[in-house]
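Chains as they are written, first to last, in this note's numbering: chain W, 1 to 392; chain V, 1 to 392.
In case anyone wonders, no lab produced these hints; they're calculated from the structure. No experiment lies behind these values; they were computed from the predicted model shown. Watch out, some of these pointers could steer you wrong.
Stated by the list, open to error - Derived DEER-like restraints, expressed as beta-carbon distance ranges:
(1) Val312/V to Pro81/W: 46 to 54 angstroms
(2) Lys346/V to Asp258/W: 27 to 35 angstroms
(3) Glu358/V to Asp258/W: 39 to 47 angstroms
As the list claims (entries may be wrong) - The list that follows gives simulated cross-link-like pairs (lysine to aspartate or glutamate, EDC-like), each with its CA atoms no further than 16 angstroms apart:
(4) Lys319/W to Asp309/W
(5) Lys343/W to Glu313/W
(6) Lys216/W to Asp265/V
(7) Lys100/W to Glu386/W
(8) Lys100/W to Asp55/W
(9) Lys143/W to Glu30/W
(10) Lys319/W to Asp351/W
(11) Lys20/W to Glu147/W
(12) Lys156/W to Glu358/W
(13) Lys216/V to Asp263/W
(14) Lys216/V to Asp265/W
(15) Lys216/W to Asp263/V
Yeah, the Cβ is synthetic: ideal placement off N, Cα and C, and Gly gets one too.
The residues making up each chain are set out below.
Number of protein chains: 2
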Amino acid sequence: MSEYIEPDRDGISVGQVEKKIHTFAEPPLEIVLESGARLGPITVAYETMGAINADKSNVILIAHALSGDSHVAGYYSEDDPKPGWWDTMVGPGKGIDTNKYFVICSNVLGGCMGTTGPSSENPATGRPYGLAFPVVTIGDIVKVQKELLDHLGIAKLLAVVGGSIGGMQVIEWAISYPEMVASAILLATTTRHSALAISFNEIGRQAIMSDPNFNKGDYYSGAKPDIGLALARMVGHVTYLSDEAMRDKFGRRLQDRDNLSFDFDANFQVESYLRYQGSKFVERFDANSFLYITKAADYFDVGRQHGHDSEVEAFANIKAKILTISFTSDWLYPTYQSRDMVKAMKKNGLDVSFCEIEATCGHDAFLLPNERQSTMINRFLKRVSEEETNAL
Amino acid sequence: MSEYIEPDRDGISVGQVEKKIHTFAEPPLEIVLESGARLGPITVAYETMGAINADKSNVILIAHALSGDSHVAGYYSEDDPKPGWWDTMVGPGKGIDTNKYFVICSNVLGGCMGTTGPSSENPATGRPYGLAFPVVTIGDIVKVQKELLDHLGIAKLLAVVGGSIGGMQVIEWAISYPEMVASAILLATTTRHSALAISFNEIGRQAIMSDPNFNKGDYYSGAKPDIGLALARMVGHVTYLSDEAMRDKFGRRLQDRDNLSFDFDANFQVESYLRYQGSKFVERFDANSFLYITKAADYFDVGRQHGHDSEVEAFANIKAKILTISFTSDWLYPTYQSRDMVKAMKKNGLDVSFCEIEATCGHDAFLLPNERQSTMINRFLKRVSEEETNAL
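Chain W extracted, bound-state conformation (with noise of 0.2 angstroms):
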């Protein structure tokens, strides 16, 4: 196992980030994969913002959706131009106080920020793995974060926290560990993708996979298939919004204020934006992770893998307080999915709060900041562990 913790840049310690990695699976070790398949040796970027206290007690493990990574929040150093994808609510003083709580964020298994995935070196052959990667399921990317803790000395979580694909690790976590997680945040997910979600999805796989530079995803030593992966995360995009929210920021503005161009330039702000978009996402991300990581997603289905096609079995286990949270204007994962989820929570007597918050901004709107939401999960939080203290 090794360990490098990254210098902070110039000493400054701004927002209490550390950047870490994790090595485990080395040979001659493996980790058997839900489809069969063994993988090893599996690097886990992670990172942790907060202090952990001395019963750790105290420890937040919080999961990303399918285009964050292990920096959730806070700035490396003063001229980081950017903080984490979650700055809204994790860090001092916000809905996750990190003045209160320690916080761990881990890359997922098979993602392209640190954690192994296609794109990582294949032992086998010394070059990146593309389509050599095993296909990897929400259960195996818990099952390495479950790894991470093993090796942090971290027996209990207080949280685990997720959004869209990152609450179906919520859920994967409370499931097959439920000694370890004390409470569960689920925010605009849900228990198994419609066919309307496995469809933009697989829309975004096949454009990835006909762009003439996929190679079969062994393009890591030539050009990439940045063609498709920009069509995929346009459409992507398109999904997490809502038909208010565009209307919103864009209506049908034009880009030349009052004139068609009566030719195929991007016309309308909206199209402008898109194209923005697609050609933003090729810089940041692996073409191969996209397809890895939307296809974990769409096995996900928790009656299938843990209740013999019943969730209310599925769910029989779970000793975490949960706290879920859907959004009127949701339409990749609408509310009636978390409110059927709830329902066989229910029936197995889980504490379970429920809340569809009022918001136009679509899928995305666990991303944004609001203040209901921040609220919601601070008190939350609090209330477990006030409740974890007093159990003690």
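Put chain V on the given structure of chain W with help from the hints.
Here is chain V on its own, set in the frame of chain W:
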């Protein structure tokens, strides 16, 4: 001007279909498009069904949507495997009864099913236009239909009928030629695309234009941008369905019953369906026509083009009686858009009937068998027909 009547196959006259073409604006003539560009000659492919009556008072013009053509209904011959695209609605004894009415349907300008479009020969070069074809609008499309009716000596339409982009043409007809249109039937349509609708079209266009075979639209002598067009079609298909329809039709059913394949082949039935729809579409449709027709739809904006940004003003001169139908699960052109349109029409004191039909099948609902829709259209046409006769 030239005209060609396709002979009946083996003398079989099935379903009253007549297939014809009409060419106009032949040199030195040209028509002036909304962009200011000039175009000519223009060939229009159209079909008729039923018989025109002596006073030509039973003529119904049907306008098709993105992927339609002039073959609206009926079979060409007894061994013709497939009828026209709206055979559930149009034919003897059907909602639009060709025993009573004389139906005309023409392929749109910019299309690829017989009417002049980007795949037609550019007289300036002797080669297909490609992107040298001018960007056309819904107004231009309707102008060409008007030219066809003039040629046929038809001065008044009992009704203009269309769904989706076809509905846009109906609105345009009622506004631009108010004296010619006794009634207008608008199905699952909108007066202007939302940012969401523009986005999905733009993603389709980007898929086509970034296909390496696109070659700036000049691909007719070589490999075609099939991959891009297939992707565009997949995106379109998802937007024409609904969450509920896809759940009923596919859910999470797997190709191989119980087994996840742990690879990137089509695993879920919905994935296989989308791939099939994409590959089928490229056999019959021209990628450039996809660009031009979606652009015409995105540009369509009734208030902007006819009413100084006011739809109330745009509708001021309409004389047609109007029937508008929207569908509950249509999230591409949601009911609120039809409702806004109806409000603006009512402010002008127009004779408007509006109905939102409960349907789970999304935007495509207007194309599918629906007794309520058929009955409503049938009765509306009967009423208008009687009122027109009485008014003589």
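Hint check results:
no.	hint	verdict
1	Val312/V to Pro81/W: 46 to 54 angstroms	holds, 48 angstroms
2	Lys346/V to Asp258/W: 27 to 35 angstroms	holds, 29 angstroms
3	Glu358/V to Asp258/W: 39 to 47 angstroms	holds, 40 angstroms
4	Lys319/W to Asp309/W	violated, 20 angstroms
5	Lys343/W to Glu313/W	holds, 12 angstroms
6	Lys216/W to Asp265/V	holds, 12 angstroms
7	Lys100/W to Glu386/W	holds, 12 angstroms
8	Lys100/W to Asp55/W	holds, 13 angstroms
9	Lys143/W to Glu30/W	holds, 13 angstroms
10	Lys319/W to Asp351/W	holds, 9 angstroms
11	Lys20/W to Glu147/W	holds, 15 angstroms
12	Lys156/W to Glu358/W	violated, 33 angstroms
13	Lys216/V to Asp263/W	holds, 12 angstroms
14	Lys216/V to Asp265/W	holds, 12 angstroms
15	Lys216/W to Asp263/V	holds, 12 angstroms
Going down the numbered hints, you'll see the structure goes against 4 and 12, while the others check out.
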